[in-house]
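Since chain R is already given, all that's left is putting chain Z on it; use the hints.
Protein chains: 2
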Amino acid sequence: MERVSEKTIGRLSLYRRVMDKLAREGRDYAFSHEIAHMSGATPDQVRRDIMVLGYSGSPNRGYSVGELSKSIGEFLDDLDVQNVVLVGVGNLGRAILSYFAGKRPKLSIIACFDNDSEKTGRVINGCRCYPMSQLQDVINENNASIAIMAVPFSASQEVADRLTHSGIKGILNFTPVSIKVPHGTYVEDIDMTMALEKVAFYSRQKPQGQVLERRSNDKAGH
Amino acid sequence: MERVSEKTIGRLSLYRRVMDKLAREGRDYAFSHEIAHMSGATPDQVRRDIMVLGYSGSPNRGYSVGELSKSIGEFLDDLDVQNVVLVGVGNLGRAILSYFAGKRPKLSIIACFDNDSEKTGRVINGCRCYPMSQLQDVINENNASIAIMAVPFSASQEVADRLTHSGIKGILNFTPVSIKVPHGTYVEDIDMTMALEKVAFYSRQKPQGQVLERRSNDKAGH
Numbered sequence: 001m002e003r004v005s006e007k008t009i010g011r012l013s014l015y016r017r018v019m020d021k022l023a024r025e026g027r028d029y030a031f032s033h034e035i036a037h038m039s040g041a042t043p044d045q046v047r048r049d050i051m052v053l054g055y056s057g058s059p060n061r062g063y064s065v066g067e068l069s070k071s072i073g074e075f076l077d078d079l080d081v082q083n084v085v086l087v088g089v090g091n092l093g094r095a096i097l098s099y100f101a102g103k104r105p106k107l108s109i110i111a112c113f114d115n116d117s118e119k120t121g122r123v124i125n126g127c128r129c130y131p132m133s134q135l136q137d138v139i140n141e142n143n144a145s146i147a148i149m150a151v152p153f154s155a156s157q158e159v160a161d162r163l164t165h166s167g168i169k170g171i172l173n174f175t176p177v178s179i180k181v182p183h184g185t186y187v188e189d190i191d192m193t194m195a196l197e198k199v200a201f202y203s204r205q206k207p208q209g210q211v212l213e214r215r216s217n218d219k220a221g222h
Numbered sequence: 001m002e003r004v005s006e007k008t009i010g011r012l013s014l015y016r017r018v019m020d021k022l023a024r025e026g027r028d029y030a031f032s033h034e035i036a037h038m039s040g041a042t043p044d045q046v047r048r049d050i051m052v053l054g055y056s057g058s059p060n061r062g063y064s065v066g067e068l069s070k071s072i073g074e075f076l077d078d079l080d081v082q083n084v085v086l087v088g089v090g091n092l093g094r095a096i097l098s099y100f101a102g103k104r105p106k107l108s109i110i111a112c113f114d115n116d117s118e119k120t121g122r123v124i125n126g127c128r129c130y131p132m133s134q135l136q137d138v139i140n141e142n143n144a145s146i147a148i149m150a151v152p153f154s155a156s157q158e159v160a161d162r163l164t165h166s167g168i169k170g171i172l173n174f175t176p177v178s179i180k181v182p183h184g185t186y187v188e189d190i191d192m193t194m195a196l197e198k199v200a201f202y203s204r205q206k207p208q209g210q211v212l213e214r215r216s217n218d219k220a221g222h
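Quick note, the sequences are listed as chains R and Z, same order. With the numbering used here applied, the first sequence corresponds to residues 1 to 222, in that order. With the numbering used here applied, the second sequence corresponds to residues 1 to 222, in that order.
Since the hints were derived computationally from the structure, they do not count as laboratory data. Hints are supplied without guarantee of correctness; some may be wrong.
Residues from chain Z shown here face chain R by an in silico Cβ test under 10 Å; the list is partial [claimed, not checked]:
| no. | residue |
| --- | --- |
| 1 | Arg-11 |
| 2 | Asp-20 |
| 3 | Ser-39 |
| 4 | Asp-78 |
| 5 | Gly-90 |
| 6 | Asn-91 |
| 7 | Ser-145 |
| 8 | Asp-189 |
Simulated pairs of lysine to any residue, SDA-like, Cα-Cα distance not exceeding 25 Å [to be verified]:
| no. | chain 1 | residue 1 | chain 2 | residue 2 |
| --- | --- | --- | --- | --- |
| 9 | Z | Lys-103 | R | Asn-91 |
| 10 | Z | Lys-119 | Z | Ser-166 |
| 11 | R | Lys-180 | R | Asp-137 |
| 12 | Z | Lys-180 | Z | Val-138 |
| 13 | R | Lys-7 | Z | Lys-180 |
| 14 | R | Lys-7 | Z | Lys-7 |
| 15 | Z | Lys-180 | R | Arg-24 |
| 16 | R | Lys-103 | Z | Asn-115 |
| 17 | R | Lys-106 | Z | Pro-152 |
| 18 | R | Lys-7 | R | Asn-83 |
| 19 | Z | Lys-21 | R | Ala-195 |
| 20 | Z | Lys-180 | R | Thr-42 |
| 21 | Z | Lys-21 | R | Asn-91 |
| 22 | Z | Lys-70 | Z | Ala-23 |
| 23 | R | Lys-21 | Z | Asp-116 |
| 24 | R | Lys-180 | Z | Arg-24 |
| 25 | Z | Lys-7 | Z | Pro-182 |
| 26 | Z | Lys-180 | Z | Asp-137 |
| 27 | Z | Lys-119 | Z | Glu-141 |
| 28 | Z | Lys-7 | Z | Thr-193 |
| 29 | Z | Lys-70 | R | Arg-204 |
| 30 | Z | Lys-119 | R | Gly-126 |
| 31 | R | Lys-119 | R | Ser-98 |
| 32 | Z | Lys-7 | Z | His-33 |
| 33 | Z | Lys-7 | Z | Gln-45 |
| 34 | Z | Lys-180 | R | Arg-47 |
| 35 | R | Lys-119 | Z | Ala-101 |
| 36 | R | Lys-7 | Z | Arg-204 |
| 37 | R | Lys-7 | Z | Ser-5 |
| 38 | R | Lys-180 | Z | Arg-17 |
| 39 | Z | Lys-21 | Z | Glu-34 |
| 40 | R | Lys-106 | Z | Thr-193 |
Quantities reported herein were computed from a predicted structural model and do not represent experimental measurements. Think of the CB as a built atom: it goes at the ideal place given N, C-alpha and C, for glycine as much as any other residue.
Extracted from the complex, chain R is given alone in its bound form (with noise of 0.2 Å):
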């Protein structure tokens, strides 16, 4: 397999989800312009990233939604569910759980921790609280090989050593500071806090003044 870009990747994540949607629409057909419009991208860009699925449409009826759906899939997942833990259950926590339950049949939350004794042993948001000191019995039980971070600022890098050497090989860090992780393991950033603040910074801002305009058109390569 060649390589792609994390922006590719990115992409192909939005086009799966404008797919779903056109399917509950009763769409059996999109062309690239109009997947293109969806996502933010350009008729170009959805062609070339569909080209490394090896999956090409017909010129006449643009690409199928159901086979280029499952295409992805078959490109995006794994073959078995991979099972994901969240560490860290408060509000962000109990928000991400709630949030991410039954989204993606090929990513399963099977465990969350905390060491509030408050929290541990009970389901939560439907799914099990495990105290700390089990994480890496519990991630090894299950094979996890994914974990979301929602853990206090001053957690953050000893919760990711416990979660790498673990075996954890991705991580979704939802703390705000920066994790270093050993080479191989992958690790995606969402810091809420920092992108409401810098909204509130710029909407203050004049447009003919010191902030250039920032459409929301690099959406699906960040």
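Just chain Z, lined up with the frame of chain R:
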């Protein structure tokens, strides 16, 4: 005021939280290399970013934790509270409400909107829910300038249009699609599903294979 990059704005948001953490730990002063270490920036970056504030530390003791936090607040925050509205009170919308509630004294989510009559008229996670028909009135009456969008895929552009027509100048967009906004409106995108799918994909790749290491050190920069 000179032009300030988005990355600097993002890092200042992070430094403030670093200061808040140090303050909770009882620290009075911090050196740029300590702030850098906690933020995943370089000491040089930290010093340059803080120069934007017109604030400087002492060569012997570093930056005053309290004063630096205050300087960042004076730069990032408005003098008055900025009012925020949230559109779309599904799982994600509710999660966002509870995450941001009370987090920033200068940013207040004063109303949320949904079309579901089961939700409107109620107070959800501390926030009153209005029908979409009252969007413009509530925004105008409260002089809200910022919106958080957590609506379904298909409604994104229509909701974005209504928000900008009502005077919204900054949007934090949690929907997966690109939205088009008028010149002078700032948009920041967060796509949680894409982020998790990228982590899942790259967590399965071999380190020596197609994917190069990506450490989480561009944290403050995207």
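Do the hints match the structure? See the list:
Hint status for Arg-11 of chain Z relative to chain R: holds, with the closest Cβ pair at about 9 Å, below 10 Å. Here the hint on Asp-20 of chain Z is kept, as its CB sits about 9 Å from the closest CB of chain R, short of 10 Å. Interface hint at Ser-39 of chain Z: satisfied, since its Cβ lies 7 Å from the closest Cβ of chain R, which is below the 10 Å cut-off. At its closest, the beta carbon of Asp-78 of chain Z sits 6 Å from a beta carbon of chain R; the interface hint therefore holds under the 10 Å criterion.
Interface hint at Gly-90 of chain Z: satisfied, since its Cβ lies 9 Å from the closest Cβ of chain R, which is below the 10 Å cut-off. Interface hint status for Asn-91 of chain Z: upheld, as the beta-carbon distance to the closest one in chain R is roughly 5 Å, under 10 Å. Nearest Cβ of chain R to the Cβ of Ser-145 of chain Z: about 5 Å, under the 10 Å cut. The hint holds. At a threshold of 10 Å, the smallest CB-CB gap from Asp-189 of chain Z to chain R is about 5 Å, leaving the interface hint in force.
About 11 Å separates the Cα atoms of Lys-103 of chain Z and Asn-91 of chain R, which keeps this hinted pair within 25 Å; it holds. For the proposed pair Lys-119 of chain Z and Ser-166 of chain Z, the alpha carbon gap of about 22 Å is at most 25 Å, so the pair holds. Between the alpha carbons of Lys-180 of chain R and Asp-137 of chain R the distance comes to roughly 23 Å, so the proposed pair stays at or under 25 Å and holds. Among the hinted pairs, Lys-180 of chain Z with Val-138 of chain Z is consistent with the structure: their alpha-carbon atoms are about 23 Å apart, no more than 25 Å.
Distance hint between Lys-7 of chain R and Lys-180 of chain Z is fulfilled; the C-alpha atoms sit about 20 Å from each other, no more than 25 Å. As the CA atoms of Lys-7 of chain R and Lys-7 of chain Z are separated by approximately 19 Å, the hinted pair is consistent with the 25 Å bound. Taken as a hint, the Lys-180 of chain Z and Arg-24 of chain R pair is honoured in the structure, with Cα atoms around 24 Å apart against an allowance of 25 Å. Between Lys-103 of chain R and Asn-115 of chain Z, the direct Cα distance comes to roughly 22 Å. Compliance with the 25 Å bound is thereby established for this hinted pair.
Pair hint Lys-106 of chain R plus Pro-152 of chain Z holds up; C-alpha atoms about 22 Å apart against a cutoff of 25 Å. A distance of roughly 24 Å separates the Cα atoms of Lys-7 of chain R and Asn-83 of chain R; the hinted pair therefore holds under the 25 Å criterion. Pair hint Lys-21 of chain Z plus Ala-195 of chain R holds up; C-alpha atoms about 19 Å apart against a cutoff of 25 Å. Between Lys-180 of chain Z and Thr-42 of chain R the alpha-carbon distance is near 14 Å, which keeps this suggested pair within the 25 Å criterion.
Annotation: proposed proximity of Lys-21 of chain Z to Asn-91 of chain R holds, straight-line Cα distance about 18 Å (limit 25 Å). For the given pair, Lys-70 of chain Z sits about 12 Å from Ala-23 of chain Z by alpha-carbon distance, which is consistent with the 25 Å threshold. The hinted pair formed by Lys-21 of chain R and Asp-116 of chain Z meets the criterion: a straight-line CA distance of about 20 Å does not exceed 25 Å. Note on Lys-180 of chain R and Arg-24 of chain Z: the hinted pairing holds, with a Cα-Cα distance of about 24 Å set against a maximum of 25 Å.
The suggested pairing of Lys-7 of chain Z with Pro-182 of chain Z holds, with an alpha-carbon distance near 23 Å, which does not exceed 25 Å. Taking the CA atoms of Lys-180 of chain Z and Asp-137 of chain Z, the gap is near 23 Å; set against the 25 Å cutoff, the hint holds. For the given pair, Lys-119 of chain Z sits about 21 Å from Glu-141 of chain Z by alpha-carbon distance, which is consistent with the 25 Å threshold. Of the supplied pair hints, the one linking Lys-7 of chain Z and Thr-193 of chain Z holds, its CA atoms being roughly 24 Å apart against a limit of 25 Å.
The hinted pair formed by Lys-70 of chain Z and Arg-204 of chain R meets the criterion: a straight-line CA distance of about 19 Å does not exceed 25 Å. The straight-line distance between the Cα atoms of Lys-119 of chain Z and Gly-126 of chain R is roughly 23 Å, inside the 25 Å bound, and the hint therefore holds. In summary, the hint linking Lys-119 of chain R to Ser-98 of chain R is supported, as the alpha carbons are separated by about 16 Å, within the 25 Å threshold. A threshold of 25 Å between alpha carbons decides the hint, and for Lys-7 of chain Z with His-33 of chain Z the separation of about 18 Å falls inside it, so the pair holds.
A hinted pair counts as satisfied when its Cα atoms are at most 25 Å apart, and Lys-7 of chain Z with Gln-45 of chain Z qualifies at roughly 10 Å. For the given pair, Lys-180 of chain Z sits about 22 Å from Arg-47 of chain R by alpha-carbon distance, which is consistent with the 25 Å threshold. With a C-alpha separation of about 21 Å, the suggested pair Lys-119 of chain R and Ala-101 of chain Z falls inside the 25 Å cut-off, and the hint holds. For the proposed pair Lys-7 of chain R and Arg-204 of chain Z, the alpha carbon gap of about 17 Å is at most 25 Å, so the pair holds.
For the given pair, Lys-7 of chain R sits about 22 Å from Ser-5 of chain Z by alpha-carbon distance, which is consistent with the 25 Å threshold. As the CA atoms of Lys-180 of chain R and Arg-17 of chain Z are separated by approximately 19 Å, the hinted pair is consistent with the 25 Å bound. Under the criterion of a C-alpha separation no larger than 25 Å, the hint pairing Lys-21 of chain Z with Glu-34 of chain Z is consistent with the structure, at around 12 Å. The straight-line distance between the Cα atoms of Lys-106 of chain R and Thr-193 of chain Z is roughly 13 Å, inside the 25 Å bound, and the hint therefore holds.
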